[in-house]
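Sequences listed follow chains R and V, in order. Numbered according to the numbering used here, the first sequence spans residues 40 to 180. Numbered according to the numbering used here, the second sequence spans residues 39 to 128.
No wet-lab data here; the hints were simulated from the structure. Bear in mind that the values here come from a model prediction, so they are computed numbers and not experimental data. Certain hints may be false.
[Unchecked claim] Calculated lysine-lysine pairs in the DSS-like style (CA-CA distance at most 27 Å, straight line):
| id | chain 1 | residue 1 | chain 2 | residue 2 |
| --- | --- | --- | --- | --- |
| 1 | R | 104 | R | 61 |
| 2 | R | 104 | V | 64 |
| 3 | R | 158 | V | 114 |
| 4 | V | 64 | R | 158 |
[Claimed, not checked] Going by beta-carbon spacing under 8 Å, a handful of chain R positions derived as facing chain V:
| id | residue |
| --- | --- |
| 5 | 154 |
| 6 | 157 |
| 7 | 161 |
| 8 | 163 |
| 9 | 172 |
| 10 | 176 |
Glycine is no exception: its CB is placed at the ideal position from the N, C-alpha and C atoms.
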Amino acid sequence: MSEPARIQTEDFSQDAEIAALKASSRRMGGIATFIGCARDFSEGREVTKISFEAYGSMALAEMGKLRSAAIEKFGLLDARIVHRVGMVGAGEQIVFIAAGAEHRAPAFEACQWLITELKQRVPIWKKEITPQGEEWVSQHP
Amino acid sequence: MDPGKIWGAGRVIRVLFFGPVAERMKAREMEVEFATGMTVHDVIARVGAQQPNVFSIVSFIAVNQNQVHDKQMALKDNDEIALMAKFSGG
């Protein structure tokens, strides 16, 4: 079975991720998921692709710590975090978060907390590829 | 002493650059010769000597994959330092 926190170049399947999450416990009454996708428009410009680069070893370690912290903080039964690196086309999936708990409230809260913390703590950078050129993005709204 | 290690060889600090910092440094890594008592600040000074304008975009520093805030932190032989721009994943 794939690792619950990982970085990969290839796309992911949310069905496969949710199936893996559910396989961890039959007590799971609520699963909240978040999928971040590549927009084709940013800051008034058309975006054709986004290139992601990670400090692999640290990013993976931080994602593992975030997952453990979320499980502890929200009393989750399990959680999964997948982030892609390399070239991602407009409209494609970038990041997947899933939080599974006995009830919906902690699942929702953990899912939001995980994506917010990921943006602040995981060393990954994105470069937008536009018809006018390429530019590294520094803000994370 | 570690018998597998050649004494005096490979005494370096690896400095890693990613994304926008790598672009500005025109390199993905550099090696700084390790000296006893060396601090994070000393390594930063070496990087700055090569590319002074890189620091306007460096927001985080990690030593061996852990973020550090104290630039006076002492380094060890073979430590890995990363100078990182603000993250933009997700």
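Hints, verified against the model:
| no. | hint | in the structure |
| --- | --- | --- |
| 1 | 104/R with 61/R | 21 Å, holds |
| 2 | 104/R with 64/V | 32 Å, violated |
| 3 | 158/R with 114/V | 30 Å, violated |
| 4 | 64/V with 158/R | 25 Å, holds |
| 5 | 154 | 6 Å, holds |
| 6 | 157 | 5 Å, holds |
| 7 | 161 | 5 Å, holds |
| 8 | 163 | 3 Å, holds |
| 9 | 172 | 13 Å, violated |
| 10 | 176 | 5 Å, holds |
The structure does not agree with the numbered hints 2, 3, 9 stated previously, though it agrees with the rest.
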